[in-house]
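Using the sequences and the hints, build the whole thing.
Read top to bottom, the protein sequences are chains A and B.
Just so you know, we're using my numbering here: the first sequence kicks off at 1 and counts up by one.
Just so you know, we're using my numbering here: the second sequence kicks off at 1 and counts up by one.
Because the hints were derived from the structure by calculation, they are not lab data.
Be a bit skeptical, because a hint or two may be false.
[As the list claims (entries may be wrong)] Which residues of chain B face chain A? A partial, calculated answer using Cβ under 7 Å:
{"#": "1", "residue": "LEU18"}
{"#": "2", "residue": "GLU19"}
{"#": "3", "residue": "SER33"}
{"#": "4", "residue": "SER102"}
{"#": "5", "residue": "ILE107"}
{"#": "6", "residue": "LEU146"}
{"#": "7", "residue": "ASP147"}
{"#": "8", "residue": "GLU163"}
{"#": "9", "residue": "PRO166"}
{"#": "10", "residue": "ASP180"}
{"#": "11", "residue": "ILE189"}
{"#": "12", "residue": "TYR192"}
[Claimed, not checked] Covered by chain A, according to a simulated footprint, are these stretches of chain B (three or more residues, beta-carbon under 8 Å):
{"#": "13", "stretch": "22-29"}
{"#": "14", "stretch": "36-49"}
{"#": "15", "stretch": "71-82"}
{"#": "16", "stretch": "109-120"}
{"#": "17", "stretch": "182-188"}
A virtual CB, placed ideally from N, CA and C, is assigned to each residue, including glycine.
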Amino acid sequence: MTPKTLFDKIWDSHVVRTIEGGSDVLYIDQHFIHEVTSPQAFDGLRARGIPVFRPAKTLATADHNIPTIDQDLPIKDELSRNQVETLNENCKKFGIEYFSLNHPNNGIVHVIGPELGYTLPGTTIVCGDSHTSTHGAFGTIAFGIGTSEVEMVLASQCILQNKPKKIRITVNGELQKGVTPKDIILHIISQMSSGGATGYFVEYAGSAIEALSMEGRMTVCNMSIEMGARGGLIATDLTTFEYLNNIPSLANRPDFKSLLLSWRNLKTDEGASFDREVVFDAGIIKPMITYGTNPGMGMAIDEVIPRINNDREGAVTLAKALDYMGFRPDMKLPGHQVDYVFLGSCTNGRIEDLRAFAHFVKGKKKAPEVTALIVPGSKRVEQQAIDEGLDKILSEAGFELRQPGCSSCLAMNEDRIPAGKYAVSTSNRNFEGRQGPGSRTLLASPLTAAAAAITGKITDPRDLLNN
Amino acid sequence: MPKLKFDILESTCIPLPLENIDTDQIIPARFLSATSREGFGENLFRDWRYDTSGNKNDAFILNNQNYKGTVLVAGKNFGCGSSREHAVWALTDYGFRAVVSSFFADIFKNNSLNNGLLPVVVPEEFLNDLLEIIQREPETRIRIDLDKQLFSVLPPGESVEFEINPYKKKCLLKGLDDIDYLLSIREIIAGYEFRNKLKRCESK
Ligand code: SF4
Chain A
1 MTPKTLFDKI
11 WDSHVVRTIE
21 GGSDVLYIDQ
31 HFIHEVTSPQ
41 AFDGLRARGI
51 PVFRPAKTLA
61 TADHNIPTID
71 QDLPIKDELS
81 RNQVETLNEN
91 CKKFGIEYFS
101 LNHPNNGIVH
111 VIGPELGYTL
121 PGTTIVCGDS
131 HTSTHGAFGT
141 IAFGIGTSEV
151 EMVLASQCIL
161 QNKPKKIRIT
171 VNGELQKGVT
181 PKDIILHIIS
191 QMSSGGATGY
201 FVEYAGSAIE
211 ALSMEGRMTV
221 CNMSIEMGAR
231 GGLIATDLTT
241 FEYLNNIPSL
251 ANRPDFKSLL
261 LSWRNLKTDE
271 GASFDREVVF
281 DAGIIKPMIT
291 YGTNPGMGMA
301 IDEVIPRINN
311 DREGAVTLAK
321 ALDYMGFRPD
331 MKLPGHQVDY
341 VFLGSCTNGR
351 IEDLRAFAHF
361 VKGKKKAPEV
371 TALIVPGSKR
381 VEQQAIDEGL
391 DKILSEAGFE
401 LRQPGCSSCL
411 AMNEDRIPAG
421 KYAVSTSNRN
431 FEGRQGPGSR
441 TLLASPLTAA
451 AAAITGKITD
461 PRDLLNN
Chain B
1 MPKLKFDILE
11 STCIPLPLEN
21 IDTDQIIPAR
31 FLSATSREGF
41 GENLFRDWRY
51 DTSGNKNDAF
61 ILNNQNYKGT
71 VLVAGKNFGC
81 GSSREHAVWA
91 LTDYGFRAVV
101 SSFFADIFKN
111 NSLNNGLLPV
121 VVPEEFLNDL
131 LEIIQREPET
141 RIRIDLDKQL
151 FSVLPPGESV
161 EFEINPYKKK
171 CLLKGLDDID
181 YLLSIREIIA
191 GYEFRNKLKR
201 CESK
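In structure tokens:
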């Protein structure tokens, strides 16, 4: 048999049929929905007078448009409240499982899917959210879709898709101290550029990827979309199986053993070919930070901001970005003032991220001029942080743990960064105004965020680790 | 929801010569709380069109009376970032029928095609020339012929062919949508599910 990539194995086994022009009718095993991108899809079903085809294969959560304090009180903003209530009503009416605000399983869609055992190897997963790629860490084909496609999945459990091309990104070697999975992916994106993998689906491989925990792998897969890729996946291995084995609802399933067996071969065959191959050395990656207004505009924290070369493409875009950020070419960022720090999001809102941040700030004090938003990715993460005493460590250092949600990652709620202010953020997008109109976002790892929160300035986390 | 049809379009263009324009710029997140598809045009490019106090930003192209039309011409990687279909709804609600660029982000492209907004992919050099021409001469008209897959600058200026998935082309020309098609094959989908269940039982 011809050797196949992991991506091809999963994709091909989910093609119901191929239609004219080469589009595939792709079967979706698991569909996640949230309040922002689903209401118009349910309206579509109502307009056609049709039910949800397979309600058991869709799971709903409220995460994007919710407050991160006083979640037991009614949502203040009327439009937001209406949107969350609409999701509630739609789920009731169409028979969809829903983890509403305050439910112990509530949280950011890409955090709860994996932790509750809904994300299973070898499956296809979609959600009306571009960071659905997160689930690829479990050897799944997971990608974001638009609302019309959400309606298609609700109506038929399928969508029409053209098969993307395949790229393998191999990261070999060992990470230096103070360098995290977030730095790996920011480094990759800075080299690939924000559109560099458009049209491709990524497989991440190599010893540095294999050495990552599931949380770390999710961080890497999460940001695949930021280089334009539809998604990114990683072959299953012992790390995957151990993680899944620790989810009681899964491990107690009578068919868990046979599922485990079926997941063993979820890897790319030796000799399978990719449309593109790129290799990186983990050993040279340093703590990363972005200086511009897309995630491709990133550099090692000790580098200088690039010059604007008018003969090169992108000069206008770079000039506009630096103007927006209030930065200049040739500038070094360490020492620059920071007003806000955000730890959270589906990129870095998991327990490992909270642990890393808490251990870093332990025994230190938050800089008084910094406002910090520490937002767990889910109720379960919040509970675990409390169980592990991370909330105490944080509060002794001057930080307060908020309630879960997307929060300042997209600032649909009140967690907005004011115009002109600088935020070191562990989220995934530094677009203009992403964290609030006029906000200036610098993407970085939880450690770099912690270092900024302590010093009030952009700081290489390694400088504080060595002391 | 009736889909917009698309066949031939003649129009002047609005140039936006920036790369990597993301959907957060097209429609900022704080306007996504609506539960219908209408009205997003008002906030299209909100933070570029207006300053933080709500005053019109005269320097922005949509506020420049010299430039009008239903075709937006933008730098490469248009529509990257968030999957929000609201970005497409904002563009169509504002009146755009086509966007021209040298490449589009994947999800944005699908969302456009699902809403009758035609993403026209042209070679990078052609795009740069086109941007220059329309910036210099705002009255320049273009013609998009979907059936012939031809984009032309009028009067007979340069033309380029563009690619489009033949199935999607048919849908746009006839105003059909994917859901009609998927609903028509639900039995085949159920058959796929059944075969899969059997396979899983066998492998146990
Ligand atoms: S945390 Fe941010 S990126 Fe993740 S799902 Fe929420 S809004 Fe999207």
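Structure-based check of all given hints:
1. This hint holds: LEU18 (chain B) has a C-beta 5 Å from the nearest C-beta of chain A, less than the 7 Å allowed.
2. Evaluation of the GLU19 (chain B) hint against chain A yields a held restraint, the C-beta minimum of about 5 Å falling below 7 Å.
3. The beta carbon of SER33 (chain B) is positioned within 7 Å of a beta carbon in chain A (closest approach about 4 Å), and the interface hint is therefore held.
4. At its closest, the beta carbon of SER102 (chain B) sits 10 Å from a beta carbon of chain A; the interface hint therefore is violated under the 7 Å criterion.
5. Proximity of ILE107 (chain B) to chain A holds as hinted, the smallest CB-CB distance being about 6 Å (cut-off 7 Å).
6. Restraint check, LEU146 (chain B) versus chain A: the minimum CB separation of about 14 Å is more than 7 Å; hint violated.
7. With a least beta-carbon distance of about 15 Å to chain A, the hint placing ASP147 (chain B) at the interface is violated under the 7 Å criterion.
8. Checking GLU163 (chain B) against chain A: minimum C-beta separation of about 11 Å lies over 7 Å; hint violated.
9. For PRO166 (chain B), the interface hint holds, the least distance from its beta-carbon to any beta-carbon of chain A being 4 Å, beneath 7 Å.
10. Checking ASP180 (chain B) against chain A: minimum C-beta separation of about 9 Å lies over 7 Å; hint violated.
11. Against a cut-off of 7 Å between C-beta atoms, the interface hint on ILE189 (chain B) holds, since the closest Cβ of chain A lies about 6 Å away.
12. Taken as an interface hint, TYR192 (chain B) checks out: its beta carbon lies about 5 Å from the nearest beta carbon of chain A, inside 7 Å.
13. Counting residues of the stretch 22-29 of chain B whose beta carbon lies closer than 8 Å to any beta carbon of chain A gives 5, which reaches the threshold of three, so the coverage claim holds.
14. Under the rule that three or more residues need a Cβ within less than 8 Å of chain A, the assignment of the stretch 36-49 of chain B holds, with 3 such residues.
15. Counting residues of the stretch 71-82 of chain B whose CB lies closer than 8 Å to any CB of chain A gives 6, which reaches the minimum of 3, so the coverage claim holds.
16. Residue count for the stretch 109-120 of chain B with a Cβ under 8 Å from a Cβ of chain A: 4. That meets the three needed, and the coverage hint holds.
17. Beta-carbon proximity to chain A at under 8 Å applies to 5 residues in the stretch 182-188 of chain B; the threshold of 3 is reached and the given coverage holds.
The structure fails hints 4, 6, 7, 8, 10 (numbered hints given earlier, in ascending order).
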